[in-house]
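Q: The lines below spell out each chain.
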Amino acid sequence: MEILIGTISGIVTAIGSGGGTILILLLTMFLGIPQHVAQATNLIFFVPTSITAIVMNIKNKNINFKVGNIIILFGVIGAIIGAIVSSKIQVQSLRKLFGIFLLFVSLHEIYNFYNLYIKKKNTNNNFEYKKEVDKNEIN
Amino acid sequence: MKILKNSIIGICAGFITGLFSTGGGMIVLPAIIYFMKLDEKEARATTIFSILPMVIVASIFYYKDKYFDWNLGLKCAIGGIIGGFLGSKLLRRFSDKFLKVVFICFLVYAGFNMLR
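Just so you know, the protein sequences line up as chains A and B, in that order.
According to my numbering, the first sequence is numbered sequentially starting from 15.
According to my numbering, the second sequence is numbered sequentially starting from 14.
This is chain B alone, in the form it adopts within the complex:
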């Protein structure tokens, strides 16, 4: 039963990762917390571990289709390192609750924007 649940989680997450290149973690993380009863820390670690191979496989397909823009990727990565540092050090001063509200509002706005 556990294997069946895990394989369904895997297929769904992989499909979303391949299709959108993001969001697989948003499926795996809650799914293994609810169905496999992993605690938050273990679940987060296992999620990143299991998403990486899916991302690499998806990358091969995107690379073959020539969707890679290395210049853009490099600039974003530089920003990402700065952001990761800022996020872990400085933003502890802001409340997580406030940031979550901003995040959710942005997601809803963007979601409707994409549908138009």
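One chain only, chain A, in its complex shape:
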């Protein structure tokens, strides 16, 4: 069951972002893992995958270090504050906050979805066509 949950999260990660969120959700909803433990598990899960991705991206020169370094500097400060708040907070309130956060994320995803598939239908058709070509090449 744990492996299956990991598999689903891996699939979601491969498609786009949000694998970690799915991992936490599945662990807490179906296995009854406490929220904090599920979140810690996600951290273990994230580090090796992201290191691989970073190495590949450094090789391909995709990373913008100028932007990244400042975000890291302040991000680390934010992470310390967030982690302290998270450890002090009651599990019930943490889950509620997480729920609110999820609803915001889904609003954003719906907005993206609208932009990608409804507003720009013409460009999308082009994209679908390209994908068809790729598929044929693979086959």
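Simulated from the structure, these hints should not be mistaken for lab results.
The beta-carbon is built from N, C-alpha and C at its ideal position, and this holds for glycine as well.
A few of these clues could be false.
[Claimed, not checked] DEER-style ranges, computed between Cβ atoms:
#1 MET14/B with ILE103/A: 33 to 41 Å
#2 SER101/B with LEU130/A: 38 to 46 Å
#3 LEU87/B with VAL105/A: 30 to 38 Å
#4 LYS110/B with LEU121/A: 15 to 23 Å
#5 LYS50/B with MET15/A: 39 to 47 Å
#6 ILE132/A with TYR47/B: 28 to 36 Å
#7 ILE132/A with ILE46/B: 15 to 23 Å
#8 PHE79/A with ARG129/B: 16 to 24 Å
#9 ILE21/B with PHE79/A: 12 to 20 Å
Place chain B on chain A using the hints.
A: Here is chain B on its own, set in the frame of chain A:
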């Protein structure tokens, strides 16, 4: 101005990462696309690069509080490798649009479920 924007993005993403251990990327990625005008590929790479240190710092705190379950983490990681492979090879056959709809529905359901 750019430095100010970047530092605000950083603080917000870091706070979310520390609090929920996930979701920092969902802030950084759109933010640097909209505010820093990075293209999608560069933005994705920069996002992963900048989230890793936040995750490592957050891990230290979760580790100190003894929330780590290595057995569970290992099993999930095994699944994650399988899933990553399946996702990149086999699922290209499904439409991204369909998968997105499933993903969004699940998020909305789970969000309300957590609020109860």
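Q: Next, verify each hint and record whether it holds.
A: Okay, the hints, checked on the actual structure:
1. Distance hint check: the CB atoms of MET14/B and ILE103/A are about 34 Å apart, consistent with the given range 33 to 41 Å.
2. Taken as a hint, the range 38 to 46 Å is violated for the pair SER101/B and LEU130/A, whose Cβ atoms sit roughly 20 Å apart.
3. With their beta carbons about 24 Å apart, LEU87/B and VAL105/A fall outside the hinted range of 30 to 38 Å.
4. In this structure, LYS110/B and LEU121/A meet the distance hint of 15 to 23 Å, their C-beta atoms being roughly 18 Å apart.
5. Between LYS50/B and MET15/A the CB atoms are about 44 Å apart, so this pair conforms to the stated range of 39 to 47 Å.
6. Checked against the hint of 28 to 36 Å, the C-beta distance between ILE132/A and TYR47/B comes to roughly 20 Å, which is inconsistent with it.
7. Range check, ILE132/A to ILE46/B: Cβ separation about 19 Å, and the 15 to 23 Å hint holds.
8. Here the CB-CB span from PHE79/A to ARG129/B is close to 44 Å, at odds with the stated 16 to 24 Å.
9. At about 19 Å, the beta-carbon gap between ILE21/B and PHE79/A stays in the expected band of 12 to 20 Å.
The structure fails hints 2, 3, 6, 8 (numbered hints given earlier, in ascending order).
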